[in-house]
Amino acid sequence: MISLPEPTAAGPVSAPPEPLALLRMEGVEYFYGGRIRVLGPVDLEVREGEFLSFVGPSGCGKSTLLRIAAGLLRPTAGEVWLGDEPLRGVNRRAAVVFQSFALFPWMTVVDNVAVGLEARGLGARERLKRAEKYIGLVGLSGYERAYPRELSRGMKQLVGVARALALEPELLCLDEPFSALDVLSARNIRDLVLDLWASPEVTTKTILLVTHSIEEAVEMSDRVLVFKANPGRIAETVHLSSLARPRRADLPGVRETVDRMYGLLV
Amino acid sequence: MPTQRPRSYPVDLGLLTVLALVVLAVLFGSTYLRPYDSPELDPRAALLPVYLLRSLARMTVAYGVAVLLALGVGHLAASSPVARRVILPTLDVLQSVPILGFFPAAVAVFVGLFGPSALGVEAAAVFLIFTSMFWNLAFGVYGSLITLPEELALAATHLGLRGSLRWSRLVLPAVFPNLVYNSILSWANGWYFLIASEIIAAGQARYTLPGLGSYLGQALVTGQTAHTVTALATLFLATLGLHLLVWGPLERWAERFQLGETGERPRTPRIGRLLARSRLVRWFSRELVIPAGQRAISAGGWLMAVPGRAGRPLAVLVVGALVALGVDAASRAYALFTARPLSADARDIPAGLVLSFMRVSAGVLLAVAASVPLAFAASRLGSHGRAIALTVLQILGSFPATAFFPLIALAMTRFGVDMNVGAVLMILTGTFLYVMFNALSGAMAIPEEMDEAATVLGVRGTRYLRHVFVPAVLPRLVTGCITAWGGGWNALILAEYVIAGGTLYRVRGIGATLDHATYVTRDAQVIVLSLAAMVALVVLVNRVFWEPLYERVAERYKMDA
Chain A
113 MISLPEPTAA GPVSAPPEPL ALLRMEGVEY FYGGRIRVLG PVDLEVREGE FLSFVGPSGC
173 GKSTLLRIAA GLLRPTAGEV WLGDEPLRGV NRRAAVVFQS FALFPWMTVV DNVAVGLEAR
233 GLGARERLKR AEKYIGLVGL SGYERAYPRE LSRGMKQLVG VARALALEPE LLCLDEPFSA
293 LDVLSARNIR DLVLDLWASP EVTTKTILLV THSIEEAVEM SDRVLVFKAN PGRIAETVHL
353 SSLARPRRAD LPGVRETVDR MYGLLV
Chain B
17 MPTQRPRSYP VDLGLLTVLA LVVLAVLFGS TYLRPYDSPE LDPRAALLPV YLLRSLARMT
77 VAYGVAVLLA LGVGHLAASS PVARRVILPT LDVLQSVPIL GFFPAAVAVF VGLFGPSALG
137 VEAAAVFLIF TSMFWNLAFG VYGSLITLPE ELALAATHLG LRGSLRWSRL VLPAVFPNLV
197 YNSILSWANG WYFLIASEII AAGQARYTLP GLGSYLGQAL VTGQTAHTVT ALATLFLATL
257 GLHLLVWGPL ERWAERFQLG ETGERPRTPR IGRLLARSRL VRWFSRELVI PAGQRAISAG
317 GWLMAVPGRA GRPLAVLVVG ALVALGVDAA SRAYALFTAR PLSADARDIP AGLVLSFMRV
377 SAGVLLAVAA SVPLAFAASR LGSHGRAIAL TVLQILGSFP ATAFFPLIAL AMTRFGVDMN
437 VGAVLMILTG TFLYVMFNAL SGAMAIPEEM DEAATVLGVR GTRYLRHVFV PAVLPRLVTG
497 CITAWGGGWN ALILAEYVIA GGTLYRVRGI GATLDHATYV TRDAQVIVLS LAAMVALVVL
557 VNRVFWEPLY ERVAERYKMD A
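Respectively, the protein sequence lines represent chains A and B.
Its first residue numbered 113, the first sequence is counted upward by one per residue in our numbering.
Its first residue numbered 17, the second sequence is counted upward by one per residue in our numbering.
If you are wondering where the hints come from, they were derived from the structure by calculation, not from laboratory data.
We treat Cβ as the ideally placed atom computed from N, Cα and C, and that holds for glycine.
One thing to keep in mind: the hints can contain errors.
What the hints assert, rightly or not - Listed below are several chain B residues computed to face chain A (Cβ distance under 7 Å; list not exhaustive): (1) Ile162; (2) Leu164; (3) Leu168; (4) Ala171; (5) His174; (6) Leu177; (7) Arg185; (8) Arg268; (9) Glu271; (10) Phe273; (11) Leu275.
Excised from the complex, chain A in its bound form (with noise of 0.2 Å):
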């Protein structure tokens, strides 16, 4: 039932049938200064429609990772290819929450969502309309006036989650979007993330998740890849797609899975 791999194998074991590669690196390499070797060279596909965690210990490169396939850094040396085009600059095709919500205080939640899809060069009613279906989604609706400042830490989360889906993008990625809350919170965006992957009011089907917890990548994902430090590389592939849903922690399969990535990871 769990296709997970031996502890000594490494790279994919087993893999199911392969949908398309949204996203592709190539010998992927970043060096902190130009000089210190701080990730690579990776080489990894994001499938369409699949889950994917990284999971890794802190500075094991796994958020550097992220923000190269959200075209937020370039590498320092290999190729990210879209499809059979090569990333330059902003990936459009990806959003991003931020581990610190990086919501713009000066601006209320409606402006938040809908600052992005004015760079988009929407208009105004059609920014409002889709940035107020998006803050429904995510169940703010009536704190569309609010300031940031206003809200707990885990509804500025719920805003990073709806301005990045009001960007309708392909691929959503998730910086360690659960670390800055506290555990109810976070187990509630998680199952809140989890509905909308599935519900049909979102198109975005493709999300990659950065996390230092097992548990979370295990009860999320469809295929964990567990990262290692210095430098920065990927040790293990992980599949779960065959891992029933919904995951608890308390699940048969669920904590032998877990204890067994955590197995991995030391």
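Model the placement of chain B on the given structure of chain A, informed by the hints.
What follows is chain B alone, placed relative to chain A:
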């Protein structure tokens, strides 16, 4: 005024640029200025509102130019490492350089450009006011942009905010609170130098522009007490009005632009809440100030995006022009100093420099000695008291203290005190407020929990002062000292050479040497040498003393244990 101190670089481009400017400005200036004496102002008090409006107009134009340039330069320095290496040291040097020494030269340049017409002299005055407003604005912009949270900037990039949209949605809001805070200081500085900017004396040329500063200056020189008092009252009302109607509402509005998660207490001072409750202030704020602020942010976003498109060619042009200026300055300087041997005045520069150094140092030390206990006392007043103390300081800071230098000189002779004491006292007017502002804002930034911990632990009185208060304010105190050190040299130029009641009161020092050469002998050698010596000393002391000190203090006493 917690500005971001830039780090120094081995090749000090800033120093070289400024020295080149010194040579050029002086030489260019001495070629163009012709003897000129503008008519006296009509002393009728009924004309004061007109004079006030003209001064305000001049200051507003200067301020507008200063803000736009500060945004461009500060943003460039924050976003381009290459530009940063040139911009920061240059700003740093220019900020700490005694700008008053350049006034005659600057006037000459503008009058040379536009002729001794109203336009030329007005442009010169606006430029002079600009120089008193610009530096801290530029550092303020730079400081807020480099402390902008990384993820926020990334989010903006990711959302596709570029050009004018990025300026109006990210950059301008992010710098806004700091810009407002620094604008208050800039305006205070502008008022401080108003007299010097509106009555411009250079060699045999003397230009008087109708304005509040020149009116006050004239009243003081001619000894008309009634006119002096009315002018001062007008000045007081003007600064108070600006605080109540413009800066107060802007500061309160700027709170929404504060970064930080919850409504963090802004570190900018607030005017007493009592005054803010007045209906007139609220109406003014709601109907005029906030809409104007909103419009400024969107218009500014559009405006600031324009040079972005021409960035690279513009930078090449500026660098090329600077190199050409440098070469020109070097050749002119060579010609100047090979033409004839140095005069006696020029040979007296080293000794004068040492004496002036001691005076400015005394001015800074006295300012510290006065500020620490005063800031401590103010910090015990509670939030209301502190806000009032800060407002009083801001208004005091707006007073053109240089206007009173003749009075100080006369008082010194009346009481038989050595003129050196008088000079130090005058320098103190240029140093005290910087130190005091910073000490007070440092005191206000002491976290409440630290105070509570001190109370619980029974740390009180002098023990509190020694173990809590002084360490807590030390980083900002040093920042204040660095700014005061520059301000002190500025005041020095006026303090060492005072004309009062038709008599010249001078002490031996580099400021007096410079003034004598500027107003009397017009000796270009002495002007260039004394300005260069002063610039070099100010920069040297910054590099070997203030910057290392600041780094040590900031490292040891920063508030994030």
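Structure-based check of each hint:
no. : hint   : verdict
1   : Ile162 : 17 Å, violated
2   : Leu164 : 11 Å, violated
3   : Leu168 : 5 Å, holds
4   : Ala171 : 4 Å, holds
5   : His174 : 5 Å, holds
6   : Leu177 : 5 Å, holds
7   : Arg185 : 6 Å, holds
8   : Arg268 : 14 Å, violated
9   : Glu271 : 10 Å, violated
10  : Phe273 : 5 Å, holds
11  : Leu275 : 6 Å, holds
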